[in-house]
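**Student:** What follows is the residue order along each chain.
Number of protein chains: 2
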Amino acid sequence: MTVNATRPILRVLDGEAVWPPPVWMMRQAGRYLPEYRALRAEAGSFLDLCYNPDLATEVTLQPIRRFGFDAAIIFSDILVVPHALGVDVRFAEGEGPRLSPTTSTEDLARLAPVLPLDRLSPVFEALRRVRAALPPETALLGFCGAPWTVASYMIAGKGTPDQAPARTLAYRNPDLMRALIDRLVEASIAYLVEQVEAGADAVQIFESFGAALPPALFGPLSLEPIGRIVAGLKARKPDARVIVFIRGIGGQAAHLSRTWPGDAMALDWSLDLARTLPGLPGTLPTQGNLDPLALVAGGEALDRGVDAVLAATRGRPHIFNLGHGIVPETPIAHVERMVERVRAG
Amino acid sequence: MTVNATRPILRVLDGEAVWPPPVWMMRQAGRYLPEYRALRAEAGSFLDLCYNPDLATEVTLQPIRRFGFDAAIIFSDILVVPHALGVDVRFAEGEGPRLSPTTSTEDLARLAPVLPLDRLSPVFEALRRVRAALPPETALLGFCGAPWTVASYMIAGKGTPDQAPARTLAYRNPDLMRALIDRLVEASIAYLVEQVEAGADAVQIFESFGAALPPALFGPLSLEPIGRIVAGLKARKPDARVIVFIRGIGGQAAHLSRTWPGDAMALDWSLDLARTLPGLPGTLPTQGNLDPLALVAGGEALDRGVDAVLAATRGRPHIFNLGHGIVPETPIAHVERMVERVRAG
Numbered sequence: 003m004t005v006n007a008t009r010p011i012l013r014v015l016d017g018e019a020v021w022p023p024p025v026w027m028m029r030q031a032g033r034y035l036p037e038y039r040a041l042r043a044e045a046g047s048f049l050d051l052c053y054n055p056d057l058a059t060e061v062t063l064q065p066i067r068r069f070g071f072d073a074a075i076i077f078s079d080i081l082v083v084p085h086a087l088g089v090d091v092r093f094a095e096g097e098g099p100r101l102s103p104t105t106s107t108e109d110l111a112r113l114a115p116v117l118p119l120d121r122l123s124p125v126f127e128a129l130r131r132v133r134a135a136l137p138p139e140t141a142l143l144g145f146c147g148a149p150w151t152v153a154s155y156m157i158a159g160k161g162t163p164d165q166a167p168a169r170t171l172a173y174r175n176p177d178l179m180r181a182l183i184d185r186l187v188e189a190s191i192a193y194l195v196e197q198v199e200a201g202a203d204a205v206q207i208f209e210s211f212g213a214a215l216p217p218a219l220f221g222p223l224s225l226e227p228i229g230r231i232v233a234g235l236k237a238r239k240p241d242a243r244v245i246v247f248i249r250g251i252g253g254q255a256a257h258l259s260r261t262w263p264g265d266a267m268a269l270d271w272s273l274d275l276a277r278t279l280p281g282l283p284g285t286l287p288t289q290g291n292l293d294p295l296a297l298v299a300g301g302e303a304l305d306r307g308v309d310a311v312l313a314a315t316r317g318r319p320h321i322f323n324l325g326h327g328i329v330p331e332t333p334i335a336h337v338e339r340m341v342e343r344v345r346a347g
Numbered sequence: 003m004t005v006n007a008t009r010p011i012l013r014v015l016d017g018e019a020v021w022p023p024p025v026w027m028m029r030q031a032g033r034y035l036p037e038y039r040a041l042r043a044e045a046g047s048f049l050d051l052c053y054n055p056d057l058a059t060e061v062t063l064q065p066i067r068r069f070g071f072d073a074a075i076i077f078s079d080i081l082v083v084p085h086a087l088g089v090d091v092r093f094a095e096g097e098g099p100r101l102s103p104t105t106s107t108e109d110l111a112r113l114a115p116v117l118p119l120d121r122l123s124p125v126f127e128a129l130r131r132v133r134a135a136l137p138p139e140t141a142l143l144g145f146c147g148a149p150w151t152v153a154s155y156m157i158a159g160k161g162t163p164d165q166a167p168a169r170t171l172a173y174r175n176p177d178l179m180r181a182l183i184d185r186l187v188e189a190s191i192a193y194l195v196e197q198v199e200a201g202a203d204a205v206q207i208f209e210s211f212g213a214a215l216p217p218a219l220f221g222p223l224s225l226e227p228i229g230r231i232v233a234g235l236k237a238r239k240p241d242a243r244v245i246v247f248i249r250g251i252g253g254q255a256a257h258l259s260r261t262w263p264g265d266a267m268a269l270d271w272s273l274d275l276a277r278t279l280p281g282l283p284g285t286l287p288t289q290g291n292l293d294p295l296a297l298v299a300g301g302e303a304l305d306r307g308v309d310a311v312l313a314a315t316r317g318r319p320h321i322f323n324l325g326h327g328i329v330p331e332t333p334i335a336h337v338e339r340m341v342e343r344v345r346a347g
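Going down the list, the protein sequences come from chains W and Z.
Here the first sequence stands for residues 3 to 347, where the numbers follow our numbering.
Here the second sequence stands for residues 3 to 347, where the numbers follow our numbering.
The hints are simulated quantities; they were obtained by calculation from the structure and are not laboratory data.
Note that beta-carbon positions come from the ideal geometry of N, C-alpha and C, so glycine has one too.
Just so you know, not all the hints are guaranteed correct.
[Stated by the list, open to error] DEER-style ranges, computed between Cβ atoms: (1) Arg277(Z) - Arg112(W): 33 to 41 Å; (2) Pro240(W) - Asp305(Z): 27 to 35 Å; (3) Leu110(Z) - Ala276(W): 29 to 37 Å; (4) Gly17(W) - Leu110(Z): 47 to 55 Å; (5) Gly98(W) - Arg277(Z): 32 to 40 Å; (6) Gly96(Z) - Thr8(W): 32 to 40 Å; (7) Pro240(W) - Gly17(Z): 49 to 57 Å; (8) Arg277(Z) - Arg92(W): 37 to 45 Å; (9) Leu110(Z) - Pro138(W): 21 to 29 Å; (10) Gly347(W) - Arg260(Z): 30 to 38 Å; (11) Pro280(Z) - Arg316(W): 27 to 35 Å; (12) Ser106(W) - Pro330(Z): 16 to 24 Å; (13) Leu110(Z) - Arg316(W): 36 to 44 Å.
The following block holds chain W by itself, in its conformation from the complex (with noise of 0.2 Å):
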């Protein structure tokens, strides 16, 4: 047994259905803590903080110290592929991320065929440093966006309802579509084998805005890309793990389940777990699913939510988790009751 499979999460992903099962949050790192907010103020822009180890280790490692969480996941964002292939990222306050839209084939050529590594050093610095610094059973955890997510803030140039302005374009110019999601396959892959060769044991892939699309494209521009980026890294890093979050897929979750592109599945808050685990494979991990606004109204909601989970998931390969990231306004004292709940079983 290598040092690596005592860690309970890579025990998960292994297949084996750990209880009280290991615990970590979406976005775990971040404005509800206090300790965070202290250094955002010192930071600079957020990319600034993504940008520089010291900070964006120092941010990684306060969750873990505080709840003992059995992963950690890199601070960072998945707008940096973009970023390092050239376009233009900027995180205004209180408006999300504003990006030089990326709508022509002239647009696309202006960017780097492929993605500059050296621009991203800061990120796998960080990853050493966060590995190093972190208690032997912890994972480490990488991440990228998925091609279809990043491509329609590149399309729109900021975030979407609906992602209306990369769906328009995917159906009127399918091959400008296609030769960017390509172009993203390709350097997700790049980045997960670095992170991976930085020291993360596993990644997750977070494909947020699958709903939107129909099924038509659903397919090539989501499942596929995304199924082709696990291959790749794992032709080059056969030992990495992959989690693969595609947010809303509700009832579709057995159908995809046979065809899953990676080794676990990440499901929503709005999935019926009850429901929908006894048709997945019993050897499919899974994650997740707490309403992150049950963690903000605490009580109640909240006892009844972590319980419906474990109740749900007792037996299976699972890793206890949010539905979505956790939100600012969450008060700390629920995130230990959670924590705490969880490990009681």
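Chain W is already provided as a structure; the job is to place chain Z on it using the hints.
**Tutor:** Below, chain Z without anything else, positioned relative to chain W:
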């Protein structure tokens, strides 16, 4: 056979597989039409337009004259119900609606206990005038928003990503949420009864935001209240048909179809009809689901999208529609092409 039953949409709603399928479009009276924009410019505020029987009648009829759709849907907005209950509602151009928030027992107590139907009399007057002007084979549809969707606007005072404020309130103050939903159920029944009284053959209930509800809340806040509206309407108007549109049910369609709260199930554009429909009762009428952005794009994307809906629904009781409202950028010629292709079967 009544006159009503000769209207193709009503034949479908009664379970007949009419071919080619009747067709209308959600938001068919709207900004993509130059004649709408011309009239809109004269009308003052958006609510002024909704509450002006002359103008609302004219706007409702515009798409019928141009495209000969099989149904007219009364021009109005789901927020006229909270407005009539006493909520301050404004539509600022390019901003979406803004409402005085309802977040406490005191706020709720300030609203009318029973829907003041007289405040909505211009809507009923417009329905009567539209009915009188419509060709006999054209159905007239009324509508309202589902309680959860309307409540989510009332609580946040505006549209919000994933309805976070309303979801948080549902966890923190379930009694208040229930009371608000109950108020909207009763108001919606009264409103729909009066719409049918004024000439609507059928009504559609719009649940735009069901998808973000966690499983423990979806039943009590979305499905059951809609069911109570349908039952309340039919208790007083047994001949009224109800189309229920819950956006984002995705792979849950088959499961939900067994206890669907309306006469017909409207499906959004993300659903794969070819895979979904075989799992539904063959007697359950469906409606949908062309991606409105395929209609914007036109060309092959449009033709393929139309053909996919036709191929999947042949032999079933189905009403051709978009999978969401038509968007302002849609070229008129694309709508003409869509209607022509649908009518060619």
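**Student:** Could you tell me which of the hints above the structure violates, numbers in ascending order?
**Tutor:** 2, 6, 9
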